[in-house]
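Visitor: Each chain, written out:
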Amino acid sequence: MNKPTRVSAPLQGVGLGFRRELIPELKQSATLPIDFFEIAPENWLGIGGRFERDLRYFTEQYPFTCHGLSLSLGGTEPLDIELLQNIKAFMRQHNIQLYTEHLSWCSDDGHLYDLLPIPCTDEAVHWVAERIRQAQDILEMPIGIENASYYFSPPGAQMSEEAFISAVIEESGCFLHLDVNNLYVNSQNFGFDPLAYMNALPLERTGYLHVAGHFTEDDGLIIDTHGADVIDPVWALLAQAYRRIPSPLIPSCLERDFNFPPLSELLKEVQQIRDQQNAARAMQQRSGTHD
Amino acid sequence: MTELRKFQLEFGRYVRDPAAQSLPEHIPPRRARVYEELLFNNISGFINACFPVCRSLCSAEQWLGLRRDFFRDWRAQSPYFSQIPAEFLAFLEQNEALLERLPPWFLALAHYEWVELDLDVRKADNAVVPLQDTRDPKALRLNPVLHNLAYEWPVHKIRPDALPEAPQATFLVALRNAEHQVRFIEVNPATSMLINLLQEQELPQEHVPEAMAGLLQRPCDEAFAGFCQQVIEQLITQEVIIDPCSEQGA
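Taken in sequence, the protein lines are chains A and B.
Taking the working numbering, the leading residue of the first sequence gets 33, the next gets one more, and so forth.
Taking the working numbering, the leading residue of the second sequence gets 117, the next gets one more, and so forth.
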């Protein structure tokens, strides 16, 4: 097994999800207090015209990361080698060094274009880990897998989800993309302690972080929409995450997919992430436990 | 079949058609409903955005039915979200039973609406550079981001208050210009034929009248050559024909 030793990319700081709707406002700002942007390669690769022009304008000025949507790592159709090769070429073209995907499936015998939960079984651990290894071989880099939000636990589970994620990371040699909002959403929807769950993850393998807002339905069920401001319990959970991962400066991205406020509002949330990173780093330096 | 695949096919079959399929065991209905809505609304969003005119010409029930049939029956192969409308169009094209229940121009209209999206996002190998000098380029090169369209219906004029009563041969050329704007131009059959000719091979300008006369089975006299010259000049202004020197990496 080709086990990559580096679990985090050299990129550091705070990023923002790059969305078409944000482009006009982003273009008006000379310098943005943003260390990187994140894109879904499935929305941008193979795209030309004004979108390609705009993307190039920003990739020439800022580092970018890729967060995939359609690889279906947990799916049982053949792994999409062509997609991976296209992603690889796209990342080279725009000098993108970091790629993560969801620990989920998004195709049955055709694409479903959304993320579904994997049963936490031994069979699935081996299956997914093998596909991650294949993806890493093709991309020639370790990839990150994100703890996804989900709304039911698929039947037949043989282990907890934390144990499932840990086993997949161990067996595939990939790194953890910790989505703090997903963790919170799931903890509320399934009534578990988010901190205990977080502590059970291989946090030393964290290479990337996500923060986002969500929507609560009338009956209390939380839907992971990325269409609202980040709420306080998620900020608190993020602070806890920064205390536990090896480097608090690990690239951390704010996701906002629709219902966009003015850019200045998003930048306040970006700054809040940065403040947390700096606070955690200062704390680490005082205690001398890292760096 | 593995347990994992069995679960995915079962849940997939359910979520694609929750009205008719039964929910697999041990999945709470309230939670399954989240996925029913998320998945269908997501796909619907891409289809609605691409086909506003088709949508406006269907009843709400009919439009919902089309999207539901698509999600239930079609197995989309593209991992790219921008290709969802193309998948929907392919589904319509291959579904004769469904087309029979729709107006005769529906498929042509759907194609016409998809062309706009395709041109807006399609990747071109070379940049489109307008031809500055309309006189005598070495070879006539077509804009690479272009559709030369022939419809049996006047698709570009269909509106809720202007539905076509009879077929009418309609020739349109659709392209993305150097400013990245999508343009539709109505052309005559001869112009459409000329564009077709140039799609097959790049020709020096002086060879065009003879080739066109051959296709139209008419003599290639001076008047006809003049007509061809006029058409070519217009196509150059419209950026249908572009600078042949715009090479890779531009």
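Bear in mind the hints are in silico, worked out from the structure with no lab data behind them.
Here the structure is a predicted model, which means the values were calculated and not measured.
The beta carbon of each residue, even a glycine, is placed where N, CA and C say it ideally should be.
Be aware that one or more of the hints could be misleading.
[As the list claims (entries may be wrong)] In silico EDC-like pairs for lysine to aspartate or glutamate, Cα to Cα no more than 20 Å straight-line:
1. K239/B to E84/A
2. K239/B to D86/A
3. K59/A to E232/B
4. K122/B to E114/A
5. K239/B to E92/A
[As the list claims (entries may be wrong)] A few chain A residues facing chain B, derived, Cβ under 10 Å:
6. P42
7. Q44
8. W137
9. D141
10. V160
Visitor: Kindly indicate which numbered hints from before are broken by the structure, ordering the numbers from low to high.
Guide: Structure breaks hints 3, 4, 6, 7.
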